[in-house]
Structure formats: C-alpha cells, structure tokens
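Starting from the given sequences, assemble the full structure and let the hints guide the process.
Read top to bottom, the protein sequences are chains U and H. For the first sequence, the numbering used here begins at 42 and goes up steadily by one. For the second sequence, the numbering used here begins at 294 and goes up steadily by one.
Hints in this document: simulated from the structure, not taken from any laboratory. Treat the hints with care, as some may be off.
Said to hold, decoys possible - As a list, the in silico SDA-like pairs of lysine to any residue whose alpha-carbon atoms are at most 25 Å apart:
| no. | chain 1 | residue 1 | chain 2 | residue 2 |
| --- | --- | --- | --- | --- |
| 1 | H | Lys-316 | U | His-151 |
| 2 | U | Lys-222 | H | Lys-316 |
| 3 | H | Lys-316 | U | Val-223 |
| 4 | U | Lys-224 | H | Ala-328 |
| 5 | U | Lys-122 | H | Gln-360 |
As the list claims (entries may be wrong) - A few chain H residues facing chain U, derived, Cβ under 8 Å:
| no. | residue |
| --- | --- |
| 6 | Asn-295 |
| 7 | Gly-302 |
| 8 | Gln-303 |
| 9 | Ala-304 |
| 10 | Phe-310 |
| 11 | Val-318 |
| 12 | Trp-319 |
| 13 | Arg-329 |
| 14 | Ile-422 |
| 15 | Ala-423 |
Said to hold, decoys possible - Some but not every residue of chain U turned toward chain H, in silico, with C-beta under 10 Å:
| no. | residue |
| --- | --- |
| 16 | Ala-89 |
| 17 | Glu-136 |
| 18 | Leu-160 |
Each residue gets a CB set at the ideal place from its N, CA and C atoms; glycine is no exception.
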Amino acid sequence: MAADTPVEYIQHHLTNLTYGKLPEGYERADGTVLQEATWTMAHTGQEASDMGFMAFHVDTLGWSIFMGILFLGLFRMVAKKATTGVPGGLQNVVEMTFEFIQGIIRDGFHGRNPVIAPLALTIFVWIFLMNSLKLIPVDFIPQIAHFLGLEYFKIVPTTDPNGTFGISIGVFLLIIFYSIKVKGAGGFAKELSFTPFNHWALVPFNLVLEILGLLTKPLSLALRLFGNMYAGEVVFILIAILPFWVQWTLNVPWAIFHILVITLQAFIFTTLSVVYLSQAHEDH
Amino acid sequence: MNINLTLIGQAIAFAIFVWFCVKYVWPPITAAMEARQKKIADGLSAADRASLDLELAQEKASKELQQAKEEAAALIDQANKRAAQIVEASKDDARKEGDKLIEQARAEIQQERIQARDALRKEVATLAIAGAEKILETSVDAKAHSEMLDKLAAEL
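Right under this line is the structure:
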C-alpha cells in the first residue's frame, strides 16, 4: 500500500478513486509527460486534484448507485409481493420505514404533493444505506480494491462532498421548482423581495437576505451530512493507525455511537428537506 | 475532497432514484397498507356489530323462553282443568248408569213379583175351585161362579 507514514495512510484513505481529464503537457507522477489532454485514472492525490472539475469519483458514484439500486430493488420486490394480509418480515420492515416517513410528512409538510413522501423515503433510505457503509472497517474494501489494482478506494459516498451536494442540489432544484409552481414566478419573486420587511425601500436588503437564506439551505444540508460523516471517518482511520490489539477498545464504542449518527443524519437530512419543501409550498 | 463532475452524476442518480420510487415503490406499498387498514377497521366494526347482534339475540331468546314458559304453564293448567272435568263427567256418567241399572233391576224384580203373584193367584183360584168341587161333589160352573172366584182371587 502507498502508506508508509500515518499522514500518508490518512491521506490515502481520504482520497477517492478518480477518473478524469488531465491537461496537455501534464507531468504525471511517474514522470511521463502527456502529449494531449487525456481521460485517465488518477494515480496520486495530486493528479486527482489537478483534474479539476472534469473528473468523476468512481468509488462515490459506484457505491452510491449500488446502494440506491439495493434500496429500490429491495423495496420494489416488497412492493410487488405486498400483501394486505399479515405482512412477512421484510414487508414489516419496509412498512415501518413507510410509517416513519409518513410521520415525518404529517408533522413537517403542510401542502398536498404526492411526490414529497416518496422523495423523503428515497432520501432517508438511500442516505442511511450510504452512511452504513461506514461501519465496514476502514481497510477491508480498500485492501480488496488494492489487490484488484485500484490504488484509492473510499467506499462511503457521504464522506465525499460531491455525494452530499449532489443530493442537496437535487432538493434545492425541487425547492425552486415548487416555489415557482405554487406561487408563480411573480409570487416567488415577490416573496423574495418583500420578506421579512414589507417596504419597497428595503427590497434590495430583503433580496440579499432571502437569496442568502435560500442558498444556505442546500449548503447546510450537504455540509452537515458531509461534516459528520467525514469527521467520523477520520476518527475511524485514526483508530486504525493504532496497534491492532487496542483498536477494539476505541472503534467498537465509536461504531456503536455511529449507529446513532448514521440514522440521525439520514433523519435530519430527510426532515429538513421536507420542511424546506413545505416552505416552498406555502403561499403567503 | 475535490468538487467535480461526481456532483452532477450524483444529482442525476438521485433524480432517477426519486422518480423510480415515486412511480414504482411508493404507490403499491401504501396501497397495500391502506387496504389492510381498511380491512382491519371493517373487521373491528363487524365485530362490534356482531356483539351488538349477539346481545339483541340473547335478549330476544330470553324473552321467547319466558313466553314459552308462560304458554306451557297455561297449557298445563288447561289440561289439568280439562282432566278434572273429564273425570267429573265420567264419574257422573257412571253414577247415572249405575242408577239406571238399579232402576231397571228393580223394575224387573217388581214385574216378576207381579207375574208370580198372578200365577200364584190363578193357581190358588184353581185349587179353590177344585177344593170346592170336592166339597160340593159337583162341578162348579166356573162361569157361573166366576164373580165369586174373582172376588176370592182379589182377596188373596
């Protein structure tokens, strides 16, 4: 492994498997110089960051899509066999999740929109599954990936800001969409201009305040989830540096604590998304 | 920690997942849950109704039982009365029959007595004539002395 010192070990574990475009004339880690702009796998963290925006984190995308398909596959299977009689074990779990989500919607959402509930379900279960990947010991999957010839491998999509921002931007676009749909473009603009101070002279001030407030929503959603997951991951990696015979004294309690964090973060993300979307549906 | 195209990929994946969930996951499961809820509610109200029915039925049954008991008592009463009447009537009949039989027997006895007396009288008359003839040593003209004979017979 490319990790000799603790710092390198940590950095190695926090680098994504990146596939992206390197510019013309770029000198790679092994000393070769690229003749033209090339799409390739990054071999070092430096290369990955030099790829800039034109890059994909293959591990983040792969695992998040895998988890999404796992979620939808499982739930679709239950949906197909759903019985109105006595439900079996898996259907019970699924229905409990449904009732949990319906509870969130009842408490937090005051409009009428058939999309919000399944949206909240998707957010909750997907984030929960992605977060739970964290409970897999930090070296297991990267080591397997290493044997398969992949230098970097970070399995928890929510410890990647791209992963969390991807979801929160989705929610943000829905907020904008429903604001305009419910209040009309004019109504939405009016709301941004005349709250909190209903006076024409304060319109610019209101606009700055409201637009900032609007933009804070996806930012806070994504950063909260990312921050919690990333910090937890760093602690797990730090514990993994310790001699193997003391690790369990720290990572077992931390993992148990993270069972709570994983669920809680998924729940917070879901609830806040529902509340934001509810605000988007409110016509003043 | 670099922000890159992953972001857009993730957002697209999210959109597809939400679409799939809205279309194929949420409706069938909520439909099943609601259907079960309705089933349970129906079952509960049916149970309520059934217990109410049961109560009514019990009430009705006890009422009918009461009525049947009363009817039975009335019938038994009537039967007893009728039986007493019949016994009384048959006693009456028997008594009447007995009286009649006794009467008949008496009448027969009377008749037979009269007959016997008549026969005896005739016998005596004949004997008297025969005795008189013996005494007189002549025949007595029964016709000539019939008046006397009859008188004699009547005296017997």
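Of the hints stated earlier, which fail here?
4, 5, 14, 15
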